Amino acid sequence: MGVTLNMAAQVMATRDGLLGASRLHYEHRDIVEFCREWVAIAEISVHVGLHLGVTRVLVADLIALKFLTTRGLDLPEDRQTQIIERVIRGLTAIR
Amino acid sequence: MDLPQFADPAAESARPPVPVKIVIAGGFGVGKTTAVSQVSEVPVLTTEAPMTEAAAALDRAEEVPDKTTTTVALDFGRITIDDEIKLYLFGTPGQDRFGFMWRDLTEGALGALVIVDARRLDDCYPAVDYFERTGIPFGVAVNLFDGMLTHDLDDVRWALAVSDDTPLITFDARDRGSVLDALLVVLRRSLTMPRRVGLPVDVAGL
Chain C
1 MGVTLNMAAQ
11 VMATRDGLLG
21 ASRLHYEHRD
31 IVEFCREWVA
41 IAEISVHVGL
51 HLGVTRVLVA
61 DLIALKFLTT
71 RGLDLPEDRQ
81 TQIIERVIRG
91 LTAIR
Chain R
1 MDLPQFADPA
11 AESARPPVPV
21 KIVIAGGFGV
31 GKTTAVSQVS
41 EVPVLTTEAP
51 MTEAAAALDR
61 AEEVPDKTTT
71 TVALDFGRIT
81 IDDEIKLYLF
91 GTPGQDRFGF
101 MWRDLTEGAL
111 GALVIVDARR
121 LDDCYPAVDY
131 FERTGIPFGV
141 AVNLFDGMLT
151 HDLDDVRWAL
161 AVSDDTPLIT
171 FDARDRGSVL
181 DALLVVLRRS
191 LTMPRRVGLP
201 VDVAGL
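The listed protein sequences derive, respectively, from chains C and R. Each step along the first sequence adds one to the number in my numbering, with nothing skipped, and position 69 is 69. Each step along the second sequence adds one to the number in my numbering, with nothing skipped, and position 172 is 172.
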């Protein structure tokens with residue numbers, strides 16, 4: 001597997017994925033159907049009841065099939081400060 | 001045959017959320033799960049992480065007495081920060097024998113909070129050591145189990161041998177505001193550090 005999927009990486013089903021889900025089996029289908037909105041790899045793991053490592057492998061399969069699309073944790077350097085400041089504001093607001 | 005329900009077609013092209021994470025490290029029973037549950041918008045979820053390839057290198061049976069345990073529970077929670085950012089909090093055992101997980105856990109993390117029981121400082125040494133060596137921004141929070149600090153904070157700092165600029169606070173894992181304050185301490189520390197977002201780091205011996 002080329003890219004390691006971070007446990008917090010976001011995953012969502014593509015249109016092809018939702019159309020093709022009924023042709024998939026078992027865990028692959030469960031994963032696609034759970035990913036109707038953006039969810040984290042760790043959340044998929046809990047929902048489908050699989051170890052994190054196994055979930056990563058199956059999600060990678062589905063990304064290769066273009067049934068799922070993903071967003072990792074990589075932040076461009078120039079956005080890091082801004083993102084951290086927004087998290088600080090967000091947590092302060094619910095404090 | 002039922003046709004699948006489509007998500008809003010616009011949703012697929014809409015910008016995905018920006019996931020960020022903070023790692024909560026500490027020994028067993030130190031208050032990690034309690035702290036996460038105070039601030040998470042969903043009930044704390046538990047997944048199981050199997051030992052990875054990295055663990056195989058650590059797999060020296062004589063040093064890992066309870067080697068039969070090949071998975072470890074990983075508790076996590078979530079806070080939606082705004083319409084774009086989702087913050088995940090991952091709790092991890094702080095002991096050395098779970099070191100194989102730390103690279104995975106800290107990859108991409110904004111920072112880490114090490115929760116300490118002042119009566120059992122030993123439990124958090126490996127985590128503190130790991131975060132110092134890898135340059136991951138972190139803060140240390142001494143959990144006040146009975147509302148009292150059994151050691152002077154200066155003594156704790158000395159015993160843990162953390163640098164003077166590493167934030168060291170007391171907090172109450174059962175108190176939502178107190179947990180949020182501890183997370184804010186980590187984030188402010190993160191802002192002052194040059195490498196703010198943890199990237200994969202290979203550390204010899206882990």
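Treat the hints as calculated values from the structure; they're not laboratory data. Hints may contain errors.
[Stated by the list, open to error] Dumping the calculated SDA-like pairs for lysine to any residue here, alpha-carbon to alpha-carbon at most 20 Å: (1) Lys-66/C with Pro-17/R; (2) Lys-66/C with Thr-4/C; (3) Lys-66/C with Pro-16/R; (4) Lys-66/C with Thr-170/R; (5) Lys-66/C with Leu-24/C; (6) Lys-66/C with Glu-27/C; (7) Lys-66/C with Leu-5/C; (8) Lys-66/C with Arg-36/C; (9) Lys-66/C with Arg-89/C.
Note that the structure is predicted; figures quoted are calculated from it, not measured.
- Item | Hinted pair Lys-66/C and Pro-16/R, Cα distance within 20 Å | holds, 16 Å
- Query: Between Lys-66/C and Arg-36/C, is the straight-line Cα distance small enough, at 20 Å or below?
  - Reply: holds, 14 Å
- Query: Are the Cα atoms of Lys-66/C and Leu-24/C separated by 20 Å or less?
  - Reply: holds, 13 Å
- Given hint Thr-4/C paired with Lys-66/C - CA-CA distance at most 20 Å: Judged against 20 Å, a Cα distance of about 17 Å means the pair holds.
- Message: Next pair to validate is Lys-66/C with Thr-170/R; report whether the Cα-Cα distance is within 20 Å.
- Response: This hinted pair is violated, its Cα atoms lying about 48 Å apart.
- Is Lys-66/C close enough to Leu-5/C, meaning Cα to Cα at most 20 Å? Distance ~15 Å between Lys-66/C and Leu-5/C Cα, so the pair holds.
- Query: Hey, Lys-66/C versus Glu-27/C, does the alpha-carbon distance stay inside 20 Å?
  - Reply: holds, 16 Å
- Keeping to a limit of 20 Å between CA atoms, is the pair of Lys-66/C and Arg-89/C held or broken? It is violated: about 36 Å lies between the C-alpha atoms, which goes past 20 Å.
- Assess, step by step, whether the Cα of Lys-66/C is no farther than 20 Å from the Cα of Pro-17/R, and give holds or violated. holds, 19 Å
This entry does not satisfy hints 4, 9, going by the numbered hints stated previously.
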